[in-house]
Amino acid sequence: MRKRSKWLLAAALAGYAFLYLPLVIVIVYSFNDSRLNAEWVGFTLEWYRKLFNNEEMLVAAGNSLAIGVAVSLVSTVLGTMAGMAMYRYRLRVLPILVLMPIAIPEILMGVSLLIFFVLLNFTLGLLSVALAHIAFCVGFVAIVVRARLAGMDESLTEAARDCGATPWLAFRHVTLPLIMPGVIAGALMAFTLSIDDFVITFFTAGAGTTTLPLQIYSMIKIAVTPEVNAVSTLLMLLTLVLIVIASKLSPGTLRS
Amino acid sequence: MKRAPERLGKWLVSGPPLAYLVVFFALPTLIMVLASFRTPGDFGGLAPLVGEDGGLDLNLDSYARFFTDSIYAEIFLKSFWYALLTTLLCLTLAYPLALLIARSGKQYRDLLLLLVILPFWSNFLIRVYAWMIILGPQAALARGVNGVLAAFGHEPVPLLFSSFAVLVCLVYVHLPFMVLPLYANLEKHDQALLDAAQDLGANAWQRFWRITFPLSLPGVYAGAALVFIPALGIFAIPDILGGPDDSLIGNVIKQQFLETRDWPFGSVLSIVLTVAAVSLAALAAWVGRRSGGRAFGA
Amino acid sequence: MALLEIDGVSRRFGDFTAVDNVSLAIEAGEFFTLLGPSGCGKTTLLRMIAGFDAPDGGRIRLDGLDLVDKPPETRPVRTVFQSYALFPHMTVEGNIAFPLKMTKTPARDIAPKVAAALEDVRLQGFGARYPQELSGGQKQRVAIARALVTHPTVLLLDEPLAALDAKLREEMQLELINLQKEVGITFVYVTHDQTEALALSHRIAVMNKGRVEQVDEPSKIYGFPTTRFVADFIGHCNLLSGPVRDSGNGIVTVDVAGLGPVRVAASSSVATGRPGTVALRPEKIRIAREAPAEASANGCAGTVSDLLYMGDVTMYKVDTPGGQKVEALLANSASGRTKFFEVGDAVEMSWPVAAGHFIAE
Numbered sequence: 004m005r006k007r008s009k010w011l012l013a014a015a016l017a018g019y020a021f022l023y024l025p026l027v028i029v030i031v032y033s034f035n036d037s038r039l040n041a042e043w044v045g046f047t048l049e050w051y052r053k054l055f056n057n058e059e060m061l062v063a064a065g066n067s068l069a070i071g072v073a074v075s076l077v078s079t080v081l082g083t084m085a086g087m088a089m090y091r092y093r094l095r096v097l098p099i100l101v102l103m104p105i106a107i108p109e110i111l112m113g114v115s116l117l118i119f120f121v122l123l124n125f126t127l128g129l130l131s132v133a134l135a136h137i138a139f140c141v142g143f144v145a146i147v148v149r150a151r152l153a154g155m156d157e158s159l160t161e162a163a164r165d166c167g168a169t170p171w172l173a174f175r176h177v178t179l180p181l182i183m184p185g186v187i188a189g190a191l192m193a194f195t196l197s198i199d200d201f202v203i204t205f206f207t208a209g210a211g212t213t214t215l216p217l218q219i220y221s222m223i224k225i226a227v228t229p230e231v232n233a234v235s236t237l238l239m240l241l242t243l244v245l246i247v248i249a250s251k252l253s254p255g256t257l258r259s
Numbered sequence: 021m022k023r024a025p026e027r028l029g030k031w032l033v034s035g036p037p038l039a040y041l042v043v044f045f046a047l048p049t050l051i052m053v054l055a056s057f058r059t060p061g062d063f064g065g066l067a068p069l070v071g072e073d074g075g076l077d078l079n080l081d082s083y084a085r086f087f088t089d090s091i092y093a094e095i096f097l098k099s100f101w102y103a104l105l106t107t108l109l110c111l112t113l114a115y116p117l118a119l120l121i122a123r124s125g126k127q128y129r130d131l132l133l134l135l136v137i138l139p140f141w142s143n144f145l146i147r148v149y150a151w152m153i154i155l156g157p158q159a160a161l162a163r164g165v166n167g168v169l170a171a172f173g174h175e176p177v178p179l180l181f182s183s184f185a186v187l188v189c190l191v192y193v194h195l196p197f198m199v200l201p202l203y204a205n206l207e208k209h210d211q212a213l214l215d216a217a218q219d220l221g222a223n224a225w226q227r228f229w230r231i232t233f234p235l236s237l238p239g240v241y242a243g244a245a246l247v248f249i250p251a252l253g254i255f256a257i258p259d260i261l262g263g264p265d266d267s268l269i270g271n272v273i274k275q276q277f278l279e280t281r282d283w284p285f286g287s288v289l290s291i292v293l294t295v296a297a298v299s300l301a302a303l304a305a306w307v308g309r310r311s312g313g314r315a316f317g318a
Numbered sequence: 363m364a365l366l367e368i369d370g371v372s373r374r375f376g377d378f379t380a381v382d383n384v385s386l387a388i389e390a391g392e393f394f395t396l397l398g399p400s401g402c403g404k405t406t407l408l409r410m411i412a413g414f415d416a417p418d419g420g421r422i423r424l425d426g427l428d429l430v431d432k433p434p435e436t437r438p439v440r441t442v443f444q445s446y447a448l449f450p451h452m453t454v455e456g457n458i459a460f461p462l463k464m465t466k467t468p469a470r471d472i473a474p475k476v477a478a479a480l481e482d483v484r485l486q487g488f489g490a491r492y493p494q495e496l497s498g499g500q501k502q503r504v505a506i507a508r509a510l511v512t513h514p515t516v517l518l519l520d521e522p523l524a525a526l527d528a529k530l531r532e533e534m535q536l537e538l539i540n541l542q543k544e545v546g547i548t549f550v551y552v553t554h555d556q557t558e559a560l561a562l563s564h565r566i567a568v569m570n571k572g573r574v575e576q577v578d579e580p581s582k583i584y585g586f587p588t589t590r591f592v593a594d595f596i597g598h599c600n601l602l603s604g605p606v607r608d609s610g611n612g613i614v615t616v617d618v619a620g621l622g623p624v625r626v627a628a629s630s631s632v633a634t635g636r637p638g639t640v641a642l643r644p645e646k647i648r649i650a651r652e653a654p655a656e657a658s659a660n661g662c663a664g665t666v667s668d669l670l671y672m673g674d675v676t677m678y679k680v681d682t683p684g685g686q687k688v689e690a691l692l693a694n695s696a697s698g699r700t701k702f703f704e705v706g707d708a709v710e711m712s713w714p715v716a717a718g719h720f721i722a723e
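Chains as they are written, first to last, in this note's numbering: chain A, 4 to 259; chain B, 21 to 318; chain C, 363 to 723.
Just so you know, the hints here were simulated from the structure itself, not pulled from any lab data. Quick caveat, the model's predicted, so the values are computed rather than measured. Heads up, a few of these hints could be off.
Stated by the list, open to error - Capping the alpha-carbon separation at 25 Å, the derived lysine-lysine pairs in DSS-like fashion look like this:
#, chain 1, residue 1, chain 2, residue 2
1, A, Lys-251, B, Lys-208
2, B, Lys-208, A, Lys-9
3, C, Lys-687, C, Lys-701
4, C, Lys-475, C, Lys-543
5, A, Lys-9, B, Lys-126
6, C, Lys-679, C, Lys-701
7, B, Lys-126, A, Lys-251
8, C, Lys-529, C, Lys-543
9, C, Lys-463, C, Lys-432
10, C, Lys-646, C, Lys-582
11, B, Lys-208, B, Lys-126
12, C, Lys-701, C, Lys-646
13, B, Lys-30, C, Lys-432
14, C, Lys-432, C, Lys-466
15, A, Lys-224, A, Lys-53
Claimed, not checked - Just some of the chain C residues that point at chain A, by a computed CB distance under 7 Å:
#, residue
16, His-451
17, Pro-461
18, Thr-465
Where is the CB? At the ideal position from N, CA and C, for every residue including glycine.
With these hints in hand, go ahead and build the complete structure from the sequences.
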């Protein structure tokens, strides 16, 4: 029976409190009947009502969802291919290209893609944002898929080939079903990353396009109202649901 | 000895992602490198590559500016300093958390980990905004602190729009990145080692400092890399929570690209930042390999 | 022409030579075993026959057809994997039907063939179960059924019984022998267990460090090993070495240190002075308190230094006055009796010329 140090417990609890208190405050104040995020006045759903009547916000939400779905689909396909390639073959270039976007500060990708699109006379808008998101989501999906493949019994693919399956059929009937939970977890992660992205979107969205994070940003900078709290709470809820599903599907996803 | 169909399979699977990333990552990076040698356009952006005389318009003006004007070196140093502070603070806060989770019973570990990670999956801006609320002048914390200061006759200190706010938020945002690699390392520690040490007369602090901490160093390095490198390039936090003095290199880059529109100079700054980030990542990977740990997934 | 011809096959991994210029000719309908310690190259060779690895040199021919460049799915060869490799997301029926689907068997033929395969391995009624619900022995049989359902030309088995406990392993060994007789397919079996190899095979190839030491029927491998390694690897064996004193008339005399002259049967004469080894199985030595009434060809006295009780037999380790150690085996016929001799007893050992086998160095 291990002795649990009281100090350790206290320090850890303080850590958890530190992590969650700010978010709890945001959520609580979204129901606060006061313009200022200062003191609790009373319960209200006013801010949520205002939110759903906010044209700009709804457009931004729609954009984010559309981009999110598109990004999730494409980066899952590309990421699964990359994950398989990285697991099976000893490649040098692919792992670097796939994982670098995740390792370097986001601003670098945002800025370089801005120059890239402008030089190509490519209009900045929803498409440019989506293309940018895919570039860094591929890496996340690849990591998840590769981890899932590593946990799979190698001899199963060989057995499939032995039974007469071509490499493609072996993948389709044996490998894919077995890594599917990981693939779906990766897709959900990509969707969440896309919806939440701020920095890269900031540089590649151009003037006329807005996504949910961009909208939140301008609200924070210009006029802070508890509508921000409301949209934040809803966004947190969505993310929570998606991530819990993803972690149930592929335990250990989060560790990778 | 590889058969032809196997080689084809390799290219079919690795080809598309490779192509995509070459076009949308490698190529833009190269273009940015090229841009650092070009001249700013008349209305911002970049001047045409081929000048009126037909020759390539490339020069080192932007680089010269970076190296001669000391203010940029100062800002880089400030960014390094902030990133370093963030890393150290994250380490101090993350260690107890990681240690607690690693020593908990198996059935709780996944849940406890999930609880650490969940805040990370909420929108980045929301987390920054939350600190705006907490540190706001009307909020309880500021009023409390200033009340105490007033009792001692001090001027009220603004918590928001200050270096303090930037630092607190930097730590807050990067904390999960330090917890995870630390936990991954601590989980593998053998309790028997600590029992043996205790048996030999070491007290709790000695056991920690002489056994647990040294063994956890690979995890510490991995976590440090995962915190330091992104923190280096951050711009949204100083932008929202910082005062006029708190501009970090990320802010300057954003300014160059979107406001001043001196793209070549912005590219120079970005390249210097990239070089710093990549060198640190390579260093972290090398240290991680030497200590026998896994630095970062790759 | 043999069914499966392995011709000068080699495989290297960097500096390490896993398979070194191996040539074998495996006949149709044979139960052929590759026997050897871990790392001897037997599994690497098996994988090259299956197609999961390609030789660096040499050829593998099946029915006269060169298998090089043929991927595994096109070869009429099926493998039973050591870990069974049953697809966990398919039922037993799904697993067995899989090769039928991959080889484009008409849909209406699949169900009857699967049912027949299940009957062959005595698992009727298990079709709807998933591999996780089966015991080790049952998984084993499903793996075999899946491998045999498309009637391959050769069946490869990679230490399939390694994970089973001793009793189950013996049962499965008998089943495998009967199955092979019924089905008539050529089996190429890999194992490190020499008892298993001796029990199951028509012929055994003993491998060591990538090379084949001896290919022969089990009784010949046991009784007439041609190298020290084979003699030592199979069962217990006394290896008595020394220079040859003389040879002639089908008998070779070897001067064994600490023992004296030992006379052994040999098929050809050997030059005097050359080093040689007498391989002598412990059960062939007569061990008693007194020397036999009739003088025998070989004999010596000694003291029991150790003994090992193994239930049906006891192994005695005897030290000769000259310092040579000899092992002799004696059956424990009387029940309750664990041994005839005690440690420290003086004993007389003797054996005829034909008991030993000469191995030239």
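Evaluated hints:
no.	hint	verdict
1	Lys-251/A <-> Lys-208/B	23 Å, holds
2	Lys-208/B <-> Lys-9/A	22 Å, holds
3	Lys-687/C <-> Lys-701/C	19 Å, holds
4	Lys-475/C <-> Lys-543/C	20 Å, holds
5	Lys-9/A <-> Lys-126/B	20 Å, holds
6	Lys-679/C <-> Lys-701/C	12 Å, holds
7	Lys-126/B <-> Lys-251/A	16 Å, holds
8	Lys-529/C <-> Lys-543/C	22 Å, holds
9	Lys-463/C <-> Lys-432/C	20 Å, holds
10	Lys-646/C <-> Lys-582/C	15 Å, holds
11	Lys-208/B <-> Lys-126/B	13 Å, holds
12	Lys-701/C <-> Lys-646/C	17 Å, holds
13	Lys-30/B <-> Lys-432/C	17 Å, holds
14	Lys-432/C <-> Lys-466/C	19 Å, holds
15	Lys-224/A <-> Lys-53/A	19 Å, holds
16	His-451	5 Å, holds
17	Pro-461	4 Å, holds
18	Thr-465	5 Å, holds
Comparing the model with each earlier hint shows no violations; every hint is respected.
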